[in-house]
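Trainee: Letter by letter, the chains look like this.
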Amino acid sequence: MELICPAGTPAAFREAVDAGADAVYCGFRDETNARNFPGLNFSREELRTAIAYAKQRKVMTFIAINTFMRAGQETLWHQAVDDAVALGADAVILADFGLMAYTVERHPQQRLHVSVQASASNADAVRFLVEAFAAKRVVLPRTLTIADIARLANQIDCEIEVFAFGGLCVMAEGRCSLSSYATGKSPNMHGVCSPASHVRYRQDGRELVSELGDYTINRFPAGEAAGYPTLCKGRFDIAEERGYAFEDPVSLDVMDHIDALRSAGVSALKIEGRQRGKAYVAEVVSVMRRALTAGAAERPALVSRLKALSEGQKTTTGAYEKRWR
Amino acid sequence: MTTSVSPSKPALSLGPIYYLWDGPKWRDFYFRIADEAPIAQVTIGEAVCSKRLHFIEPQLGDVIERLESAGKKVSLASLALVTLERESQLVRGLVRDSAHPIEANDLSALHLLAGKPHSIGPLVNVYNGATARLLASRGARSICLPPELPMASVRGIIQDNPGVAFEVFAFGRVPLAISARCAHARSKGLIKDNCQFICGQDTDGLTVETLDRQPFLALNGVQTMSHTCQTLMQELLELAAAGVSRIRLSPQDCDMVAVAEIYDDAIAGRRTIGESLARLESVYPGIPFSNGFHHGQTGAAWVKVPISAEFPVA
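Residue numbers (the working numbering), protein chains in the order written: chain F, 1 to 325; chain P, 1 to 314.
Note that these hints are calculated values from the structure, not bench results. Even for Gly, the Cβ is constructed at its ideal location relative to N, Cα and C. Be careful, since some hints might not be right.
[To be verified] Among the chain P residues that face chain F by a calculated CB cut under 7 Å, a handful are:
(1) N128
(2) L134
(3) L176
(4) V208
(5) S226
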């Protein structure tokens, strides 16, 4: 299985390459990618240098252009695809059908991967993408069990990439407008979710309150570590129940299931975290690289090192195991 | 003050019921729609959760017959999130066996419907004209645009696709997200695989409040909806002028016949927009309106629009 690693900065890109990535994925510094955060991502020139660095070391570069083209501003997305092709991207990772159609028409030789944001969660969905856009690989949504993935792999003529480690969306990706409902900034159109520009912390008595837009997302009593107010990871009241309504603040870790994913027919494992620093990227990539080749005896120690790197150190296997539902 | 703007008037369409209503309630709702509501197009079926299908299946035939006898055009909605083999089979069966047009709500339906006339539901990501063109080239005849789209996008997409009928989500709680996991079951200490159809207790969704007791969202099984009711009423004339063919009303557990009449009266110029909004408030009381998405603001926002024109009296 290939190891697909995140890079939000040129420094993280080099770390990922050096630590053993098979491919690094990254995006341009604008709304064309789903991690459009301040201070992240690549100018054309930075990407040119990064791709050259990767190519010398036989590492691939995938460019994520995985938001949805806003009507009237399609040029921004078209230009991103044109530039990614010209810069020598080994694949473009796309979510928007209109942009896929553009890419197939203008750059028929370009390898096209389907972003998780496209929400292809079953065999017929993948067939649509293969037939309409000659997609070579699909990144599956984090809504499937390993058994679902194995069944799917047998039915399609397309490589499968899955998320193995990092942040976890509890909602079907690319189909969530919670953030834009609360802030006006949309994951699909602007590449942001629960953006920092709309986050506020305030002290209320002994509690620290985190807010997103006009909404309280959590309250932390003195002594409890305060997390970032990602909307779907907040605490809410439902009737008399108070708690994490959608998902506990955990991150995804399926490293215990490497063998199962491999025999399910998965071609590539993806690490989430383009917003993470270079030290994190270096550490996760190198541990995962070793975990992929390690024997069963050696693996638990590597897995526990990864757990220490997770958000709040609590992890979940998410939808990969059925009981999560 | 009335200007002489006279765009072609959009028809009314009723989207699928996103909530779990028991069979008799579901049937009686549509019987009344058939008999009384000024609605041209009705999309029925389960779009949210495959586990719920058996509640409505026994009623489906009677409901379709009643709606068609009343002159309504009927489409069937496909599932929004298809992950299990059983769910894939359901969508395949729907496409293969249905004598009625299908409203596609996920990519599997897009594959299965290729080359057949069909419609696209608001849960498929159509954000630009190129995507609409691609879907139209594969057989889509009408597209209900995602509720998240601002007016500039609606206008642009329609201009790019003169051959397609466009529909806009103009009344109802907004479907904001869908998950493989059921937050509704979770809120009652259950999981999806053993949910006891607990979502059926909340026929208009289960309110999610912030810790400061501010109503925020509504749970509907695996779907998360807005607490507010998206209400494009002040914007109807603008939508009509942009070439929108149909105005979609999404069923809430309120008097939807009255809601349809209010929209119909507004479009026919029998009531002013201001009067119509006041009537809507009394039909679906206690739930705030929103139209922020349409105006490119936070989706939950309510933007008061100065009304400079009304629909001409029919």
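Trainee: Hint by hint, say whether it matches the structure.
Mentor: Now the hints, each set against the structure:
The beta carbon of N128(P) is positioned within 7 Å of a beta carbon in chain F (closest approach about 4 Å), and the interface hint is therefore held. The restraint placing L134(P) at the interface with chain F holds, with a minimum CB-CB distance near 5 Å, inside the 7 Å limit. Hint status for L176(P): holds, given a least beta-carbon distance of 5 Å to chain F, under 7 Å. The closest approach between the C-beta of V208(P) and any C-beta of chain F is roughly 5 Å, which is under the 7 Å cut-off, so the hint is satisfied.
With a least beta-carbon distance of about 6 Å to chain F, the hint placing S226(P) at the interface is held under the 7 Å criterion.
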